[in-house]
Amino acid sequence: MSNQTKVNKGRFFENFTLNEVITHATPRTLTSGDTALYIALTGARNSTHCNASFTHSLGYSSTPIDDLLAFNIAFGKTVPDISVNAIANLGYADVRFTRPIFVGDTLHTSSQVIGLKENSTGASGIVWVKSTTTNQQNIEVLSWVRWVMVKKNNLTATAPKVVIPNLPSSVSKAQLTIPSYFKAHDEISMVTGGQYFWGDYEVGERIDHVAGATINPAEHTLATRLYQNNAHLHFDDHLMKKSHYGQRLVYGGVVISLCRALSYEGLENALTILAINAGTHANPSFAGDTIYCATEVIDRHALNDRTDMGALRLRMVGIKNMLPSQLSEFKSGEKYHPNVVLDLDYTVAMPLRGN
Amino acid sequence: MSNQTKVNKGRFFENFTLNEVITHATPRTLTSGDTALYIALTGARNSTHCNASFTHSLGYSSTPIDDLLAFNIAFGKTVPDISVNAIANLGYADVRFTRPIFVGDTLHTSSQVIGLKENSTGASGIVWVKSTTTNQQNIEVLSWVRWVMVKKNNLTATAPKVVIPNLPSSVSKAQLTIPSYFKAHDEISMVTGGQYFWGDYEVGERIDHVAGATINPAEHTLATRLYQNNAHLHFDDHLMKKSHYGQRLVYGGVVISLCRALSYEGLENALTILAINAGTHANPSFAGDTIYCATEVIDRHALNDRTDMGALRLRMVGIKNMLPSQLSEFKSGEKYHPNVVLDLDYTVAMPLRGN
Amino acid sequence: MSNQTKVNKGRFFENFTLNEVITHATPRTLTSGDTALYIALTGARNSTHCNASFTHSLGYSSTPIDDLLAFNIAFGKTVPDISVNAIANLGYADVRFTRPIFVGDTLHTSSQVIGLKENSTGASGIVWVKSTTTNQQNIEVLSWVRWVMVKKNNLTATAPKVVIPNLPSSVSKAQLTIPSYFKAHDEISMVTGGQYFWGDYEVGERIDHVAGATINPAEHTLATRLYQNNAHLHFDDHLMKKSHYGQRLVYGGVVISLCRALSYEGLENALTILAINAGTHANPSFAGDTIYCATEVIDRHALNDRTDMGALRLRMVGIKNMLPSQLSEFKSGEKYHPNVVLDLDYTVAMPLRGN
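These protein sequences, in sequence, are chains A, B and C.
Position 326 of the first sequence, counting from 1, maps to 1006 under my numbering, and the rest follow consecutively.
Position 248 of the second sequence, counting from 1, maps to 928 under my numbering, and the rest follow consecutively.
Position 83 of the third sequence, counting from 1, maps to 763 under my numbering, and the rest follow consecutively.
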């Protein structure tokens, strides 16, 4: 019999239709094994996600999963349908951490195509999707927009009507949600080790974090597999040796998680991520790169009716093989410094002093 | 005092007696940490083992452990007694996945010597063992036969009577067991992402899976240690540098698990493994190898009284550093292509369309 | 705005004050994910920590966490305050495993400064701390003394009064605690695979363990991150390439855990660690090193009122890239052989034959 194949090779640019909704396969139940692996893979120390006594004291009935662990697992589900044939992951916007996620929750993700634009070469195009993750009770827990450049398979396919979605420059303040049971209290500093509270951060301030982490080959592949992200370019060295990179690429979510963990000193009281407003993988990362991180305070604002916590909007910049202190500017015009690997605009909840 | 040692160095060929039963030490309790690590180490996405909502819908009261994770852990227990002095793991037969295994179960394994044949050189011999794994309620959950070539320590020891067991070419159909509570249903495709059901696979059909995975050094050692398999040749580079391989060998179970995960696209609805009929590690694998996989459909048959699921007998071929599509034949006569690392004949349960 | 930083850079020698108590941040809740990772990272097979049926038979209501996993996690908490600016981790003493620790427990650690001595160069000094770990019920579960050499930041700071604590050469026998519910029984050999009991070990006896394990780069970093030990010299290769080591150092606790696992054959019935009397990292370890282990029996003594278990005091010596059998002496005078990486004096509980 012939070499007929049943293998789903994923969608190409011409296979996406505006407004269609794609239900992604293999929903995933989270376990305490995932949380331990996330600590081992990133060095995360945020007490909101690894200290049951503390989370009970904050009002949680159990310890919520790290925001970025949940995001990476939810994101992984979209890869076989959206980005397995992607040339580049161009950006994120409007990432909303709507509800806490717990061990035992099963995450289901679907995506709607909200924008399409064929490139002038006719060989590829940009696809915008809004992805939504619900838990086993069909309650939305996460949503985000991303856009990717995807190859065409049939080069003669007609270009779709150009639709570029109107994306917010940040998640709207009304969408920054904190459960009503979650309350900050006076002893946070004792637990987190952080001496700085919401009012201590000044807009424009920059924090150069001192910790660095070298990415070992097995670390990024273990993390990416834990997220069940199956994009070949992270795993298949035989394939990637022939690419112009000459080697496997590190999944961008690995760099985001690493930077969040590396920025612990200086942001100890950033209890939870409320939103990612925008994000770009400025340059690729490879095994062997040492990642450092700098944070800039973009905005500081109140949170709805809360008197115990406020929002800080932060710029988290990932830098490879160079100390943040050696880099006064991350971008020159539109062009990123070649050692900048991540530029992420996100919003955290930070307690006010004296609650 | 002298360098007296209490170290158990394991059995040599002359230490095995026909029919003796060896109770293996260190029974092991399975945890949700094992299941998360298995996903991180293999990229497994099979919903039967990582989606509690789905497994409840199939009739399970909790999510069963991945068949191959259980097999590898059960197998690991036999290593200190059976194969720590093995020269080669020659083959598997009659591997029966008798009952589902769950987080919290404690696996006990024992082995009976069912065959012995000294090699003509007098320096080693082949030992056949039938191993059986029971859970904490003393109920059999797994069994298998394997045969290994083991060194002699005392070269003057008399050769035992030659007994070569009569092994079935496949697990008998009567032994393919599915719990009565486990029922396939209509929404499987939505969960697994697979569009093909039992009736869609033709005997003789071959599927060349496109995913590949490069084995990083830490990945195979972490997996092998998770299985508490302590064979030195996987861990001790100082020792193995002096061997004719010049480096550590990857444990064969790592390759089996990787191939199963790499063959997900094309076999999405293969919900559970019922049997491994036969298996051979055709060539060794080393860290740095990129593993690919091809599947051939060997047989398709009904399953006892089931109308919701049938059996597919599959040949899973692992290939290193070469795309399956570049290899029309895996074997020439009795000789495997040097890039073929695994030839495994196994049987899965696959739902019928429209249940 | 200027590059003002909120990053806590840790204490220098002049920042330590005699008798002060430092409460360490980020208490940590243990999960079954930690226990699975510990097995994958070390190859530990001790049934006391991975076999629920066995631990129930010993009288435990749930399976206790591996002693050294708990120690490493508790120790990790002290790093940001005590040793992030350390030049060398000089030694351990009086390490008491006071109470069993279980999945779900949250460990809090604090340290008291019990000794200070500035070095004659005036550029650094030695700090002695006694660290104590309590669980979520504020019950002490672990304590230890260690001393580290720490850099001065302000070289003109006045030297403190020299106080060198009086440390016991071993944990006192009265402090070796076993829960009253924990009882050894007759079937231990069946479970552990060990044929030797307390009375079978002779003072002065040496056991050369045969297993070796090569440390892969990702393995030591995953372990160290799991312990949330953030000392830069384990993670930051960009930094360490400029150090006189030219590369990252392996955290000493990784070597201790590896040696304990490698010494399983010969010490199978060493059910639990009661104390670490003294410990030294004799030489540094690096990724790529293969670790072997030898054990010497230092003492054998009764345990309080127990008739089912006795104490063995053991010397565990870690050796890199050389078989223990090639090394008749580990030290010549005060100088360690360059391949010796660990010299640890510890005490285990070992059952008596026939209980």
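Note that these hints are calculated values from the structure, not bench results.
One or more hints might be untrue.
Claimed, not checked - Mimicking DSSO-like on lysine-lysine, the simulated pairs with C-alpha atoms at most 30 Å apart in a straight line are:
no.: 1; chain 1: A; residue 1: LYS1015; chain 2: C; residue 2: LYS686
no.: 2; chain 1: C; residue 1: LYS686; chain 2: A; residue 2: LYS1011
no.: 3; chain 1: B; residue 1: LYS689; chain 2: C; residue 2: LYS1011
no.: 4; chain 1: A; residue 1: LYS686; chain 2: B; residue 2: LYS853
no.: 5; chain 1: A; residue 1: LYS921; chain 2: B; residue 2: LYS853
no.: 6; chain 1: B; residue 1: LYS1011; chain 2: A; residue 2: LYS689
no.: 7; chain 1: C; residue 1: LYS686; chain 2: B; residue 2: LYS921
no.: 8; chain 1: A; residue 1: LYS686; chain 2: B; residue 2: LYS1011
no.: 9; chain 1: C; residue 1: LYS853; chain 2: B; residue 2: LYS686
no.: 10; chain 1: B; residue 1: LYS686; chain 2: C; residue 2: LYS810
no.: 11; chain 1: C; residue 1: LYS686; chain 2: C; residue 2: LYS863
no.: 12; chain 1: C; residue 1: LYS1011; chain 2: B; residue 2: LYS921
no.: 13; chain 1: A; residue 1: LYS853; chain 2: C; residue 2: LYS686
no.: 14; chain 1: A; residue 1: LYS1011; chain 2: C; residue 2: LYS853
no.: 15; chain 1: B; residue 1: LYS689; chain 2: A; residue 2: LYS921
no.: 16; chain 1: A; residue 1: LYS922; chain 2: B; residue 2: LYS863
no.: 17; chain 1: C; residue 1: LYS686; chain 2: B; residue 2: LYS686
no.: 18; chain 1: B; residue 1: LYS1015; chain 2: A; residue 2: LYS686
no.: 19; chain 1: C; residue 1: LYS689; chain 2: B; residue 2: LYS686
no.: 20; chain 1: C; residue 1: LYS832; chain 2: A; residue 2: LYS1011
no.: 21; chain 1: B; residue 1: LYS689; chain 2: A; residue 2: LYS686
no.: 22; chain 1: A; residue 1: LYS921; chain 2: C; residue 2: LYS832
no.: 23; chain 1: C; residue 1: LYS689; chain 2: B; residue 2: LYS922
no.: 24; chain 1: A; residue 1: LYS1011; chain 2: C; residue 2: LYS1015
no.: 25; chain 1: C; residue 1: LYS686; chain 2: A; residue 2: LYS863
Said to hold, decoys possible - Non-contacting residues of chain C with respect to chain A, defined by C-beta distances greater than 12 Å in every case (computed):
no.: 26; residue: SER823
no.: 27; residue: ASN909
no.: 28; residue: GLU976
no.: 29; residue: ARG986
no.: 30; residue: LEU1007
Said to hold, decoys possible - Residues of chain A clear of chain C, computed beta-carbon distances all greater than 12 Å:
no.: 31; residue: ASN818
no.: 32; residue: PRO840
no.: 33; residue: ALA891
no.: 34; residue: GLY1034
Glycine residues also receive a C-beta, built at the ideal position from the N, C-alpha and C atoms.
Exercise. Under the criterion that the straight-line Cα-Cα distance not exceed 30 Å, is the pair LYS832(C), LYS1011(A) satisfied?
Worked result: With Cα atoms ~37 Å apart, LYS832(C) and LYS1011(A) exceed 30 Å; violated.
Exercise. CA of LYS686(C) to CA of LYS1011(A), is that 30 Å or under?
Worked result: holds (23 Å)
For this session: For the pair we were handed, LYS1015(B) and LYS686(A), check the Cα-Cα distance against 30 Å.
Result: Satisfied, since the Cα-Cα distance of roughly 29 Å is no more than 30 Å.
Exercise. Regarding the pair LYS686(C) and LYS921(B), is the alpha-carbon distance no greater than 30 Å?
Worked result: violated (49 Å)
Exercise. Would the pair LYS686(B) and LYS810(C) pass a check requiring their Cα atoms to be no farther apart than 30 Å?
Worked result: Not OK: LYS686(B) and LYS810(C) at ~36 Å, beyond 30 Å, violated.
Exercise. Is it true that the CA of LYS686(C) sits at most 30 Å from the CA of LYS863(A)?
Worked result: Given that 30 Å is the threshold and the Cα spacing comes to 24 Å, the pair holds.
Exercise. Is the Cα-Cα distance between LYS689(C) and LYS686(B) 30 Å or less?
Worked result: violated (48 Å)
Problem set entry | Check on GLY1034(A) being off the interface with chain C, judged by Cβ distance over 12 Å | holds (18 Å)
Exercise. Against chain C, does ALA891(A) keep a CB gap of more than 12 Å to every residue?
Worked result: ALA891(A) not clear of chain C: closest Cβ-Cβ about 6 Å, inside 12 Å.
Exercise. Taking only the CA atoms, is the gap from LYS689(C) to LYS922(B) under or equal to 30 Å?
Worked result: Outside the cut-off at roughly 46 Å; violated.
Exercise. CA of LYS686(C) to CA of LYS863(C), is that 30 Å or under?
Worked result: violated (52 Å)
Exercise. Given the hint that LYS921(A) pairs with LYS853(B), does the C-alpha gap stay at or below 30 Å?
Worked result: violated (45 Å)
Hint compliance for this structure: hints 5, 7, 10, 11, 14, 15, 16, 17, 19, 20, 21, 22, 23, 24, 27, 33 are broken, all remaining hints hold.
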